[in-house]
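From just these sequences and the hints, can you work out the full model?
Sequence lines, in order, name chains A and B.
One point on numbering: in numbering that gives the first Met the number 0, the residue at position 47 of the first sequence is 46, and numbering is uninterrupted.
One point on numbering: in numbering that gives the first Met the number 0, the residue at position 1 of the second sequence is 0, and numbering is uninterrupted.
No wet-lab data here; the hints were simulated from the structure.
Since this is a predicted model, take the numbers as computed values, not measurements.
Keep in mind that the hints are not guaranteed to be accurate.
[Claimed, not checked] To give an idea of the chain A side of the interface with chain B (calculated C-beta under 8 Å), a few residues:
1. ASP37
2. GLY189
3. GLU193
4. GLY194
5. TYR271
6. PHE318
For each residue, glycine too, the CB sits at the ideal point set by N, CA and C.
One-letter residues, chain by chain:
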Amino acid sequence: MNLLIRGGRVIDPCSGVDAVLDVLVQDGKVARIGERLDAEGVTVLHAAGKVVAPGFIDMHCHLRDPGQEYKEDLISGTRAAARGGFTAVCCMPNTHPVNDNAAVTRYIIEKAQTQGSGVHVYPVGAVSKGREGREMAEIGRMKQAGIVAVSDDGRPVTHANLLRLAMQYADHFGVFIMSHSEDVDLVGDGVMHEGFISTQLGLPGITRAAEEVMIARDILVAEAEGKRIHLCHVSTRGGVQLVREAKARGVRVTAETAPHYIAATDEWVLGYDSNCRVNPPLREEADRQACIAGLMDGTLDAIATDHAPHHQDEKRVEFHLAKSGISGFETAFCVSHTALVRAGHMTLGGLIEKMSTAPARLLGVPGGTLSVGAPADIVVLDPDREVTVDASRFISRGHNTPFDGKTYFGAVCATIVGGRIIDQA
Amino acid sequence: MKRKDLLGLHGVSREEITEILDAALTMRQVLRSGNKKTAHLQGKSIVTLFYENSTRTRMSFELASKYMSAAAANIAASASSVSKGETLIDTGVTLDQMGTDVIIIRHPMSGAPALLARHVRASVINAGDGMNEHPTQALLDMLTMREHLGALTGIKVAICGDVMHSRVARSNIYGLTAMGASVVLCAPPTLIPVHIERLGCTVAPTIEDACEGADVVMGLRIQRERQQKGLFPSVAEYCDNWEITPQRVALAKKDALVMHPGPMNRGVEIASSVADSAQSVIAQQVESGVAVRMALLYMLTRKEVQA
Ligand SMILES: [Zn+2]
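Put into structure tokens, the structure is as follows:
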């Protein structure tokens with residue numbers, strides 16, 4: 000099917016294009032980019048005043064399928080992703096059963112392909128069987144079935160030697176580890192960031208060291224092995240600095256942060272709003288600034304949502320009992336755009352690089368560019384449109400968000416996968 | 000009183016605290032008279048909803064309700080029912096439907112009373128939530144101090160013991176600083192929460208420093224579990240460094256008050272000889288507790304009549 004996206008400002012960090020142009024899509028691929036392209040016989044999508052960019056790619060989300068479909072499934076999850084401007088997402092393996100074998104991997108891919116919104120789903124397999132941190136999972140077979148990385152996300156790989164062995168083993172199959180860096184012992188019974196706010200609220204705190212100790216360990220093991228490591232959801236100033244120093248001395252480390260770490264702080268927990276419970280926890284202003292600085296100087300490669308939908312019953316309880324996580328697909332762009340671009344820290348092209356180009360490169364998946372011949376995975380944005388978040392209208396089954404009712408700038412107008420419009424606002 | 004609930008003393012003004020303490024003074028006259036019965040809460044129903052055992056606080060609220068002719072009921076939910084039983088919101092809605100005017104809640108998790116208050120019509124009084132607040136305890140402490148010291152402005156209150164896990168400490172810090180008193184804390188560093196000084200108090204390096212020139216020396220319970228969790232090595236070493244002893248109390252002002260919210264661990268955070276000394280007002284705190292709770296119940300329900 001052929002499509003002409005007419006008159007938008009095309010921003011493609013990969014090829015360096017930033018100009019008002021037409022994009023012609025043929026056979027699911029970007030066929031031509033230029034001025035005043037011939038629209039004969041093709042569907043036209045008018046994009047004047049809008050931005051046309053490579054579709055967002057989310058390195059880190061939870062689609063809850065199989066096993067917790069009451070929170071989200073591959074249908075609602077991929078539809079919510081499309082609404083958020085994502086054309087591909089990586090789903091973490093903490094499903095029930097765990098995605099620690101090829102059968103579960105195939106189930107996810109097949110269900111996403113046959114029943115999903117069209118968004119590409121790239122599963123992340125478990126590092127260890129059952130995510131129990133003891134025996135390695137069948138990484139080779141899962142790779143063959145379609146995983147792009149391995150992680151025990153939700154939990155750290157507690158035993159350093161398992162991490163070391165998994166790094167060596169996974170590398171053989173061209174798979175890298177995405178580490179949920181958290182020292183469980185240091186977390187203790189903590190439920191929010193440890194600081195003045197936790198003291199004021201009387202909530203048990205989580206020290207930054209819980210994250211930083213593991214980031215340091217992960218970096219050192221990767222450095223010793225000469226292997227690659229990707230750090231998930233970096234949230235502290237010290238964590239960003241550890242990554243910066245490691246990159247400077249040539250360690251093969253990459254890292255992501257999430258929209259909530261660059262837009263919200265622990266002060267949001269005042270009032271005990273359980274929608275602010277997330278792991279790692281919302282940190283302080285200095286950490287928020289450090290994450291922004293890390294994105295600006297390239298220390299943090301990507302923004303990933305850590306989309307973690309929960310049922311409202313799991314949030315309408317005492318803060319201690321509430322599940323951790325934020326439903327993030329549908330707010331990722333407006334929140335990040337407001338915190339980074341509108342606030343003057345980076346250009347829109349810079350943000351597109353963090354949400355699309357860099358994730359494609361890190362994952363080794365198609366997309367992340369609008370160069371001729373690339374898959375026509377495209378997002379059309381209206382960056383200046385004011386949007387007020389209304390969680391009750393989320394497509395995701397998880398309405399858990401601390402951003403509900405808040406106003407941001409940046410709307411997703413259309414999401415196109417393989418030349419097909421899969422979501423249009 | 001303009002508020003619907005009393006969830007804590009954070010943000011409560013000096014005027015409002017004074018109003019409550021003045022009303023409590025009147026209630027104490029009632030308690031000290033021969034006939035402990037008033038009609039202040041006639042036709043009101045009051046429920047104590049306790050997810051933690053506390054005979055002392057629950058009885059205090061229950062007697063306060065009964066002395067003022069309210070219909071009082073008690074729900075003793077076990078700590079395990081917090082996670083396994085009916086949700087807090089559902090329980091609150093049920094109590095609302097039964098026509099409850101005031102729900103008094105004790106809960107092991109900070110913020111639970113705030114969650115309840117958001118979902119019920121009834122007034123909510125926090126009778127202690129997790130490590131957050133225990134406002135009626137601080138009010139009764141202040142009532143006791145005011146009786147003995149006259150005013151709270153300018154006095155020095157030393158609070159020694161498990162500050163980290165203490166809701167009593169937080170409520171007293173908020174209340175006393177609002178009243179113009181200075182609060183000095185002392186505990187092992189592992190039992191002092193981060194940045195607590197930003198609440199308006201100071202942290203003394205030693206218990207001697209804390210007690211020096213104090214008008215009040217208040218102990219906080221040290222639970223044995225804290226030692227097992229590795230927060231300090233032994234009771235003996237705790238006592239060496241932080242126990243409230245006669246020698247340490249001697250550093251305070253001559254007639255300084257000794258207080259403790261109870262239950263005490265004698266020989267741990269406070270020596271028996273101090274707890275039982277002439278300076279100790281620990282027993283009187285209990286009487287103040289009933290008076291403060293009578294005052295609060297009256298003020299919260301009266302507001303409703305006016306509305
Ligand atoms: Zn994680």
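Structure-based check of all given hints:
With a cut of 8 Å, the hint placing A:ASP37 at the interface with chain B is violated, because the nearest CB-to-CB distance is about 60 Å. A cut of 8 Å between beta carbons decides the hint on A:GLY189: the least distance to chain B is about 12 Å, and the hint is violated. Interface hint at A:GLU193: satisfied, since its Cβ lies 6 Å from the closest Cβ of chain B, which is below the 8 Å cut-off. Because the beta carbon of A:GLY194 sits about 6 Å from the nearest beta carbon in chain B, less than 8 Å, this interface hint is met.
For A:TYR271, the interface hint holds, since its Cβ comes within 8 Å of a Cβ in chain B; the closest pair sits about 3 Å apart. Checking A:PHE318 against chain B: minimum C-beta separation of about 5 Å stays under 8 Å; hint holds.
In this structure, the earlier hints numbered 1 and 2 are contradicted, and the remaining ones agree with it.
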